[in-house]
Every structure is written in C-alpha cells, then in structure tokens.
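Student: Build out the structure end to end from the sequences listed, making use of the hints.
Here is how the chains run, residue by residue.
Protein chains: 2
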Amino acid sequence: MAERVWLTGRTFFRHYADKHEVLFAGSGELQDLFVRAVAEGLESAAPIDALAVGLDALSELFADRREFARKRQAVILANRELRERELIKLASLSAALADTLGRHGIAEPAASLTAEVGIAAFRVGFERWIAAEEDRGMAELMRESLDGLKAVTSGRCG
Amino acid sequence: MAERVWLTGRTFFRHYADKHEVLFAGSGELQDLFVRAVAEGLESAAPIDALAVGLDALSELFADRREFARKRQAVILANRELRERELIKLASLSAALADTLGRHGIAEPAASLTAEVGIAAFRVGFERWIAAEEDRGMAELMRESLDGLKAVTSGRCG
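Chains as they are written, first to last, in this note's numbering: chain B, 1 to 158; chain D, 1 to 158.
Calculated directly from the structure, the hints in this document are not laboratory data. Here the structure is a predicted model, which means the values were calculated and not measured. Treat the hints with caution; some may be incorrect.
If chains are identical, the list can't say which one is meant, so a pair holds when it fits in one copy or spans any two.
Taking lysine-lysine and the BS3-like style, the derived pairs with C-alpha atoms no more than 27 Å apart in a straight line are [said to hold, decoys possible]: (1) K71 to K19; (2) K89 to K150; (3) K89 to K71.
Tutor: Shown next as structure tokens:
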C-alpha cells in the first residue's frame, strides 16, 4: 500500500515537472477554449458579445471545479512566485485574445482594449465565483461582470 | 575624473539596491498620484470621468519622460523577471484604485471593475504613447483609450 502511494506520487511528479506545475496544468486548455469560443462568437456578434460567448465556455469548463479553484487560489495567494505566474497567465491570455480579435478584422487599439475588457470581466467574475459564501454559478457572475463593465464605462455607475 | 565617475556610480547604487531598482523607482509616485487624482475626481464626477482625471494627472507626470519610457520598456520586455515585476506593479495599482473607489462609496464589484477599466486604459494608452512612430501626447492617447473602452462595451465597435 505504501509502495502504491509512492508510485502514485512518482507518476504524479513525472507528469508535473515541479509540484506547482499542476496548478497551471489547465492554463493552455483555458486559453485555447476562451480564444476559440470568442472567435466563434465573432462570426455573428459584436466583440463585447463574443466575449460573453467565451466567458460562457469557460463557465462550462469550470462548472465542477469550484472547490479545486478555491484551494488553488489559497495556495497561489500565499506564494509570491505563484502570484507572478498567475499574472503572466492572464497577460498571455489577453495577448492571445487581442491577436485573435485582430485576425478577425478588429483594428488596434480596439482589439487590445476588447481583450482587456474580457480579462477584467474574467478576473473579477472568477474572484467572486470562488468567494467563500458564493453559490451562484460562474456564468451568472461572468455576465454580471460584463454588465458591470458596461455600466461603469457608460457612466451609469456610482 | 575616473574616481568621480566611480563615486557617482556608487552613490547611484547606494540609492537603488539593485541595478533594476531604478526602473521601478517611480512606481510609488505613479500609484499615489493616480489614486489621489481619481479620488479628487470622484468628488464631482462619475467614476469613469474620475479615471479620466487620474489619467490626465499621469500624462502630466510623464510629459517629458517619453524617451526614458521607451528605453525602460525595451529593457523590461527583454527580461522575464522585469516583465513579472511590471505586471505586479499594475496589479498593485489596480488594487489600490479599487480600494480608493470603495472608500468613496462604490460597492463591489463596481469598484474592482472600474479599477480594471482604469488599468486597461492606462496600459493600452501607455503602449501606444511609447510606440516608435507616435508623437501625440499621452493625454490624448489616454482619452482615446477610455473612449475606445466605452465604444467596445457599448457594442459600437467591430
């Protein structure tokens, strides 16, 4: 039994070069899914609504991962290096999104600004989703984030 | 003469614990100025217009620093550790801004979303301002950033 646990541990660490790697193992999947869903949304919708399509896709991806996400966040917040890596992940996501928007005919600076809006909605929506007392679904909170951004920028806020 | 240069170098490094420190020496000043100007703007304007007040203040601060900013950016982009530090600086700026907005009666998530909008406008406007061929002033580019964000979120874009 002890040996089996040890083997499991070895297999685990063979997959993830360092023990923190597992915390970022899904980053590529997240980025690909978000960017692909936004690109699909752009076929028939304005950029802001394409972001909503992307955020819906992420909400499905994360649907049954709330407890993992909460534990992951606690580990990341406690470690400066991991916080840096999380920021890099989001900056990379923003750049990939801006790139895709550009390839769909959206000029700069609108492409970069739209990407930043998408990341802002995701970041704030995600933080609320993993908050201790929160039990609403991610899709609802992401829509609230986007609506909140619309309200802020239209001056209908505060 | 050689000795004087050496002394100057020593004085320089006594001020800045490592040689990269000088690249971030103005971060605290930037954050204080931005947050204070936004807080003043909030006395008489909606949050989105208070962000414009903050961005105007930053534009004055940076007015004669475009060449330094371009060189600084080149150094930062070439070094992963410095890129991380730059991202942390912006995340800290966003948190400080959200905190100030909260203390001026703006509830969450509006405070965090407004702060993210401000950082997005600053980030994109700053990148354009230091672009090689750009000669318009920072204030104009920051206003274009904010206007671009309004256009994106209102669906008047793409």
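Student: Does each hint hold? Answer for all of them.
Tutor: So, going through the hints one by one against the coordinates:
{"no.": "1", "hint": "K71 to K19", "verdict": "within (15 Å within a copy, 37 Å between copies)"}
{"no.": "2", "hint": "K89 to K150", "verdict": "both (25 Å within a copy, 26 Å between copies)"}
{"no.": "3", "hint": "K89 to K71", "verdict": "both (18 Å within a copy, 25 Å between copies)"}
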